[in-house]
Amino acid sequence: MTTTPTPPTKTAPAAPPGQAGKNAPTARSLAWARRRHSVARFWSAYRGHRAGLFGLAALALIALTALAAPLLVGSDVQSVTNAPGTALEKPSGEFPLGTDQFGRSLLGLLVWGARISLTVGLLAAALSVAIGTLVGIIAGHYGGWLSTVLMRITDWFLVMPTLVLAIVLATVMSRNVWTVIIAIGVASWPTTARLVRAQTIAVESRPYIERAKALGGGHGHIMNRHVLPNVMPLVLAQTTLGISSAILTEATLAFLGLGDPTVVSWGGMLQDAREAGAVSSGHWWYLAPPGIAIALVALAFTLCGRAIESVLNPKLGVAR
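Per full-length UniProt numbering, numbering of the sequence shown is gapless, rising by one per residue and ending at 320.
No lab work stands behind these hints: they were computed from the structure.
The structure displayed is predicted, hence computed values, not measured ones.
You can trust all of the hints, since none of them are fake.
Across the chosen pairs, the derived CB separations fall in these ranges: (1) Ser-205 to Thr-171: 42 to 52 Å; (2) Gly-74 to Ile-292: 21 to 31 Å; (3) Pro-84 to Ser-280: 22 to 32 Å; (4) Val-168 to Ala-33: 47 to 57 Å.
Only pairs whose alpha carbons sit at most 25 Å apart, straight line, appear in this in silico SDA-like list of lysine to any residue: (5) Lys-213 to Leu-146; (6) Lys-213 to Ile-138; (7) Lys-213 to Arg-225; (8) Lys-213 to Pro-233; (9) Lys-90 to Asp-76; (10) Lys-90 to Ile-292; (11) Lys-213 to Ala-202; (12) Lys-90 to Trp-284; (13) Lys-90 to Ser-79; (14) Lys-90 to Ala-278; (15) Lys-90 to Phe-102; (16) Lys-90 to Gly-282; (17) Lys-213 to His-141; (18) Lys-90 to Ala-276; (19) Lys-90 to His-283; (20) Lys-90 to Leu-107; (21) Lys-90 to Gly-103; (22) Lys-213 to His-226; (23) Lys-90 to Ser-280; (24) Lys-90 to Val-73; (25) Lys-90 to Ala-69; (26) Lys-90 to Glu-275; (27) Lys-213 to Trp-145; (28) Lys-213 to Ala-198; (29) Lys-90 to Gln-101; (30) Lys-90 to Ser-75; (31) Lys-213 to Ala-27; (32) Lys-213 to Asn-230; (33) Lys-90 to Val-80; (34) Lys-213 to Ile-201; (35) Lys-213 to Tyr-142.
From the three backbone atoms N, C-alpha and C, an ideal C-beta is built for every residue, glycine too.
Sequences are here, hints too, so could you generate the full structure?
Following this line, the structure appears as structure tokens:
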């Protein structure tokens, strides 16, 4: 019996040197893949919190309205000389929320005021959290006399009422939006500093920190590459919760006459209503809209902050 010879198998040519690793994933692509996976996992857990979704939807709607304010109401809504109505008109078809003492549409002022209130709240909370995070990480990492000094300063700010300190700073500085932002940020950072310091101490007690130090990692490397990423979830949750407090503080400062008189904000609208005698005259349409807007935004940020805190730390057991 004759056998037919088997044809030789063709093997693919070997890849030239340097080509084999081209299709291999790089460190940057792996890092981005892990981040995308973390974001997807976070969003999957966040969707389980109905209150957090309600707060997020409300914030998205308010933010879009504030961004589109020049298109919705026009930039001349703040003008006193070109007011389209008469003073203190009741709600009607032309003016759904009525008018103020100058005849300006309260609906237009409410939409335009959202820009200032949200901007002040976001920037003031970011400044507060940035100061608190920096102080907390330095105090928790270095310890010793530096931690003692920083914590005593933190305790001094902590026992000082935030509103009183913000009023003092807003009084001695010039009256503008940046003064309000700085006053709120400088007055409200101690709580974040104490939380971040405690978290930093907990992180630095883990074994991989000792290994990083043994391999020659310096203070900057330890704080930036190991401590900061581990405290960022806490910082994120604290920022979300701090925005609502910042918005309320800004409204209080504006109501007390310490805000920027050249811009329209929700707190400034309440101050104008008080000066126009809306409380004693029963002009409820002048008082209710900005007050409800402040309460709604503060509630929405609080709901989002609680949901984020629950996702990042499931042991808290926040109700869904």
